[in-house]
Amino acid sequence: MDPNSYTHSLFSLFVFLVLSPLASGQLDYKFYDSTCPNLTKIVRYGVWSAVYNDTRMAASLLRLHFHDCFVNGCDGSVLLDDTSTFIGEKNSGPNRNSVRGYEVIDDIKANIEKSCPSTVSCADILTLVAREAVFYAGGSTYYWTVLLGRRDGTTASQSAANQQIPSPFEPLENITAKFTSKGLEMKDVVVLSGGHTIGFAQCSSFKQRLFNFNSSGNPDPTLDSSLLKNLQSTCPNQDSSNSNLAPLDPVTINKFDNVYYKNLVNNSGILQSDQALMGDSNMAAMVNNYSKYPYLFAKDFGASMVKMGQIGVLTGKDGEIRKNCRVVN
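Residues -25 to -1, 1 to 304 in mature numbering (1 follows the signal peptide of the UniProt record, and there is no 0) are what the sequence shown spells out, letter by letter.
Worth flagging that the hints you see were computed from the coordinates, not collected in a lab.
From a predicted model like this one, the values you see are computed outputs, not experimental measurements.
Mixed in with the good hints, there may be bad ones.
What the hints assert, rightly or not - Simulated DEER-style distance windows between Cβ atoms:
| no. | residue 1 | residue 2 | range |
| --- | --- | --- | --- |
| 1 | Y270 | V226 | 16 to 26 angstroms |
| 2 | K292 | N242 | 45 to 55 angstroms |
| 3 | S190 | R301 | 35 to 45 angstroms |
| 4 | S191 | A152 | 24 to 34 angstroms |
| 5 | A135 | Y77 | 34 to 44 angstroms |
| 6 | N13 | S191 | 30 to 40 angstroms |
Ideal Cβ positions, reconstructed from N, Cα and C, are used throughout, including at glycine.
From just these sequences and the hints, can you work out the full model?
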């Protein structure tokens, strides 16, 4: 897909109108229109190039934004390397040997600095990159307008990342509590979990469902039998398979769509935390709706991404505009 040729369908216009709430605080949809007019083109090309070379990168870039926002707000802290004064988030449990795409952000930031130096924050780049990644994986249906004007944080915290990022091993109520602590709602849990329609999971994140569920010595009885057999082949019961990868949505592996929800209805959610959505009657009702109505999922996903992108943002004179996303100025 050509990086500069968006399909401006009537639905895209509908999404723009529906998902364009009043700007929050000092965030604005046109924040860089005069100071960095080529910003969207630069980000769009950088993401297109990265996804063209590695289709898995779309999910990785979306995850970067999620992991940034859930740790003390959307401030670009996930990108900071360790320093003598703090241990950053890159080597936290949820991120170590798992989160990727840092080099893509480096390249995009470098090109932005050439065009408009010391103007665009790394936090805003992550927000834009997530939107572009979903677009390239899902098409114009999955497009939303992005509020901009975030500034970058000047510190990071490994302990905060360990505590605040939801884990696939946690009970659903714990995950929901982490969402609500950020100002999100139960609906956002279901909607943002739909991001698992693309991407892969390491066997270690779900292997207990395949062989020794709840210390029973047996597989999870709720897991679809044919999927169980395929996963046991990919993830044999030995430590050497822990880092093997399996697609979170084995039906449409690299396509951003609503099939994730269809999988949950069919007991084919790979992560226990995903399949657990079907154990809550209110969440299960939402899952069923999204499995039937892809445009409803597209609309609500964009709205939840806008909402998540406003968690704990720094604006005005708070924070800074990093010249290098890996280090504080």
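Now for the hints, and whether the structure bears them out:
1. Y270 / V226: 16 to 26 angstroms: holds, 19 angstroms
2. K292 / N242: 45 to 55 angstroms: About 52 angstroms separates the Cβ atoms of K292 and N242, which means 45 to 55 angstroms holds.
3. S190 / R301: 35 to 45 angstroms: At 42 angstroms between Cβs, range holds.
4. S191 / A152: 24 to 34 angstroms: For S191 and A152 the Cβ distance comes to about 27 angstroms; the hint holds.
5. A135 / Y77: 34 to 44 angstroms: Distance hint for A135, Y77 is violated at roughly 19 angstroms.
6. N13 / S191: 30 to 40 angstroms: Violated, since N13 and S191 (Cβ atoms, about 57 angstroms apart) do not stay within the stated range.
Hint compliance for this structure: hints 5 and 6 are broken, all remaining hints hold.
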